[in-house]
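Number of protein chains: 2
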Amino acid sequence: MTSTDTTRDLRIDSARLYASLDALGRIGAYTDERTGLVGVCRPSLTDADADGRRLVMGWMRDAGLAITVDAIGNVYGRRAGRDDALPAVMCGSHVDSVPTAGRFDGCLGVLGGLEVVRTLDDAGLVTRRPLVVAFFTEEEGARFGTDMLGSAVATGRIALAEAHALCDAAGVSVGDELRRTGFLGDAPVDAIRPHAYVELHVEQGPVLARKGLRLGVVTGVQGISWQELQLQGRAAHAGTTPISYRADAGLVASLVNVRMRALCDSGDYGHLRATMGVIQPHPGAVNVIPGRVRATVDLRNPEEDALARAEADLHAAVDELAAAHGVSVAWKRMARTPPVPFDASVQAVIADVATRLLLSHEPIIAGAGHDAQEWARVAKTAMIFVPGEFDGISHNPRELSTEAQCADGANTLLHTLLALADEP
Amino acid sequence: MTSTDTTRDLRIDSARLYASLDALGRIGAYTDERTGLVGVCRPSLTDADADGRRLVMGWMRDAGLAITVDAIGNVYGRRAGRDDALPAVMCGSHVDSVPTAGRFDGCLGVLGGLEVVRTLDDAGLVTRRPLVVAFFTEEEGARFGTDMLGSAVATGRIALAEAHALCDAAGVSVGDELRRTGFLGDAPVDAIRPHAYVELHVEQGPVLARKGLRLGVVTGVQGISWQELQLQGRAAHAGTTPISYRADAGLVASLVNVRMRALCDSGDYGHLRATMGVIQPHPGAVNVIPGRVRATVDLRNPEEDALARAEADLHAAVDELAAAHGVSVAWKRMARTPPVPFDASVQAVIADVATRLLLSHEPIIAGAGHDAQEWARVAKTAMIFVPGEFDGISHNPRELSTEAQCADGANTLLHTLLALADEP
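Top line first, the protein sequences correspond to chains F and P.
Under this note's numbering, the residue at position 401 of the first sequence is numbered 401, and the numbers go up by one with no gaps.
Under this note's numbering, the residue at position 397 of the second sequence is numbered 821, and the numbers go up by one with no gaps.
Any given hint could be a false lead.
Taking beta-carbon pairs under 7 Å as the criterion, some of the chain F residues facing chain P (in silico) [stated by the list, open to error]:
hint: 1; residue: Tyr30
hint: 2; residue: Thr31
hint: 3; residue: Thr35
hint: 4; residue: Gly124
hint: 5; residue: Leu125
hint: 6; residue: Ala209
hint: 7; residue: Ser244
hint: 8; residue: Asn257
hint: 9; residue: Ala262
hint: 10; residue: Leu263
hint: 11; residue: Gly267
hint: 12; residue: Gly277
hint: 13; residue: His282
hint: 14; residue: Ala285
hint: 15; residue: Ile289
hint: 16; residue: Arg300
If you anchor each label on the Cβ, the simulated ranges turn out as follows [stated by the list, open to error]:
hint: 17; chain 1: F; residue 1: Glu33; chain 2: P; residue 2: Ala736; range: 27 to 33 Å
hint: 18; chain 1: F; residue 1: Asp305; chain 2: P; residue 2: Ala736; range: 43 to 49 Å
hint: 19; chain 1: P; residue 1: Val596; chain 2: F; residue 2: Ser173; range: 19 to 25 Å
hint: 20; chain 1: P; residue 1: Arg634; chain 2: F; residue 2: Gly36; range: 55 to 61 Å
hint: 21; chain 1: F; residue 1: Lys211; chain 2: P; residue 2: Ala736; range: 55 to 61 Å
hint: 22; chain 1: P; residue 1: Glu586; chain 2: F; residue 2: Glu33; range: 37 to 43 Å
hint: 23; chain 1: P; residue 1: Lys635; chain 2: F; residue 2: Ser328; range: 47 to 53 Å
hint: 24; chain 1: P; residue 1: Ala443; chain 2: F; residue 2: Cys167; range: 57 to 63 Å
hint: 25; chain 1: P; residue 1: Arg634; chain 2: F; residue 2: His315; range: 53 to 59 Å
hint: 26; chain 1: F; residue 1: Ala170; chain 2: P; residue 2: Phe814; range: 23 to 29 Å
The hints are simulated quantities; they were obtained by calculation from the structure and are not laboratory data.
The beta-carbon is built from N, C-alpha and C at its ideal position, and this holds for glycine as well.
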């Protein structure tokens with residue numbers, strides 16, 4: 001028999017998947033005082049995170065997976081293949097959360113993978129290649145300040161010792177917390193080099209919902225440029241200072257913000273997204289012209305060339321705008337990551353599966369960071385997005401993908417893994 | 425003899441005036457920790473203000489002035505005239521300060537008037553009309569929240585009971601503090617209706633210094649419009665939210681700020697000054713599109729019609745900008761005062777005196793509020809401005825007008841008062 005023949009009509013158990021998401025979501029749950037909504041607070045390597053990890057590992061064992069924990073606390077559950085010496089096909093994500101999270105971010109990718117294994121177990125199916133369901137340490141960066149930490153260490157971008165030395169706001173290190181929680185594993189961090197990596201995730205944005213799509217085939221992760229802009233003008237009395245004598249740092253910040261949107265709207269930089277999230281004028285009084293402003297610039301683009309051009313052109317524009325108003329400029333680089341394009345062949349498999357399952361889908365770019373962007377360094381990789389309610393709000397107790405939406409994603413993950421695991 | 429013959433060469437004693445400014449400036453003095461500069465903290469009806477008031481009243485008595493204190497704590501020092509039944513010519517200002525002040529704002533007008541009296545005493549001159557040197561309670565509004573309080577009560581804009589009931593941040597009322605400090609006088613607040621009122625003041629702006637002028641003849645006080653602007657958009661993830669799906673309240677605030685400057689630059693609104701001093705985006709994070717912004721709009725104009733047109737046109741522009749970006753708008757009126765034009769004949773006297781004293785001068789608009797704008801309601805009124813160093817910085821320990829600059833102002837005040845006091 002070939003797996004294609006027997007598996008074509010295979011479907012995951014959506015109620016079982018949703019019940020698992022619900023059970024994991026109760027760990028670290030809290031009630032938001034203002035809204036009464038129940039959220040999740042499970043930052044990496046806290047007691048809550050350790051409880052969540054142990055719950056998932058128990059389910060992995062129940063499903064017959066062989067568990068490995070590596071030296072950065074990444075957890076791998078392995079299901080043997082018929083040709084068990086071949087590199088595995090891996091799926092996964094993370095179970096840590098930001099302090100004000102919902103129950104889907106990360107967890108859907110891990111529990112979706114677990115549901116695939118449960119489904120194969122129920123059907124008595126063994127894939128050619130082994131399968132691995134994994135979750136990675138500190139994806140959020142919410143506690144120790146570096147996101148995708150576990151997968152970055154596993155794939156060689158960050159050295160283990162450096163990762164262990166990172167401290168949280170209270171001065172507690174990753175290494176100490178791995179030891180304390182029992183997740184300082186003995187497997188080397190680079191033990192796993194999968195044949196392919198597929199990550200199912202909630203979109204965390206409005207695109208799929210607004211387009212009425214059931215699935216997104218993720219083409220890659222945007223490059224991110226974070227910069228801090230310090231504008232220094234001259235604080236002065238709003239009543240006594242004529243317009244021509246002003247050096248209004250707040251006005252220059254406003255001109256920069258408007259220019260950023262114009263760069264996006266110009267179409268000259270492809271799919272550029274630009275955001276000024278922080279604008280802090282000093283002294284910040286109704287009758288004082290701002291003498292100084294701190295502002296932040298968040299630029300994102302799926303193309304490195306376009307991102308770099310947007311950065312350079314914005315710098316030149318800011319110099320010009322500031323000089324015209326007698327304001328000086330200082331930039332500080334906060335973060336910069338290049339775009340990560342995902343593997344075209346894996347995207348094609350996902351798209352074929354979605355078409356076969358009659359799930360409307362389109363290519364989509366990932367706006368936020370994901371473990372997949374690290375694994376893309378060492379394996380062919382892509383992601384599957386499902387839509388979320390409320391414009392895909394995330395990092396918020398209102399985060400919600402329905403049982404049907406989660407099932408669409410998990411069924412697509414199931415058949416994508418089956419196809420990849422059949423590859424020679 | 426006529427006063428014109430004997431007084432033409434009369435000059436004030438600049439060293440005595442400056443020494444008085446220095447002595448008064450020591451009351452409530454503090455050292456700014458960051459800069460090491462010595463500033464003045466003498467908010468209205470504090471112990472420091474009461475000490476300052478008593479120092480000035482002692483000097484008034486020494487100069488033979490008859491002192492009256494009214495029910496809002498305004499202090500009037502009267503020098504008899506030859507025709508003592510005629511309404512007096514009054515000069516004055518205030519001795520209260522903002523918490524981080526210099527020693528010139530207000531004090532120059534009061535001590536300049538005292539120096540005029542001392543000079544007349546020394547010369548043995550008696551004017552036809554009586555002269556009054558006055559200082560008024562809570563000009564700054566820094567403690568009880570309503571500026572020009574004492575002169576507003578004296579001239580009928582604010583009722584005495586209402587003024588007495590105003591409380592500071594600690595809940596202490598004006599009435600209680602007047603009683604506690606001994607400045608709840610028994611004179612009725614409307615006892616003084618002068619023939620003319622002249623106020624000498626530091627410019628508190630850069631115009632005179634930048635133009636190299638020694639004196640400004642103040643044509644009036646700008647109208648002031650303070651509004652709070654609440655913009656409500658939609659907070660969203662900077663990475664996952666395409667530009668076309670955004671409702672960026674921060675961008676709309678920026679567009680409004682840029683539009684405000686364009687209104688000023690258009691020339692369509694005369695001498696319009698517009699300032700956005702407060703810009704507070706929420707939540708204020710680098711990777712979150714601002715969902716809500718609180719901003720303030722400060723509009724000033726010497727012409728009521730132009731100010732009202734600027735307000736209306738800005739409202740229409742904000743509606744349009746906000747609607748184009750899916751953002752809603754709420755305005756809140758914070759303050760609104762109409763422009764106060766000063767008396768042309770008093771301005772002419774001041775300009776004539778300045779010309780005769782060989783002091784370069786030009787007409788200038790007052791950008792900040794002054795007691796004179798209240799007295800203009802009941803008497804012909806104008807003001808004399810002298811330049812300040814450091815672009816006329818004020819409400820700051822760096823506030824500085826030199827001895828020569830103060831003397832220019834006081835000599836102009838002297839001869840202006842002599843001319844007005846001679847009027848039939």
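To test your reading of the hints: which numbers does this structure violate? 1, 2, 3, 4, 5, 6, 7, 9, 10, 11, 13, 17, 19, 21, 23, 25 and 26
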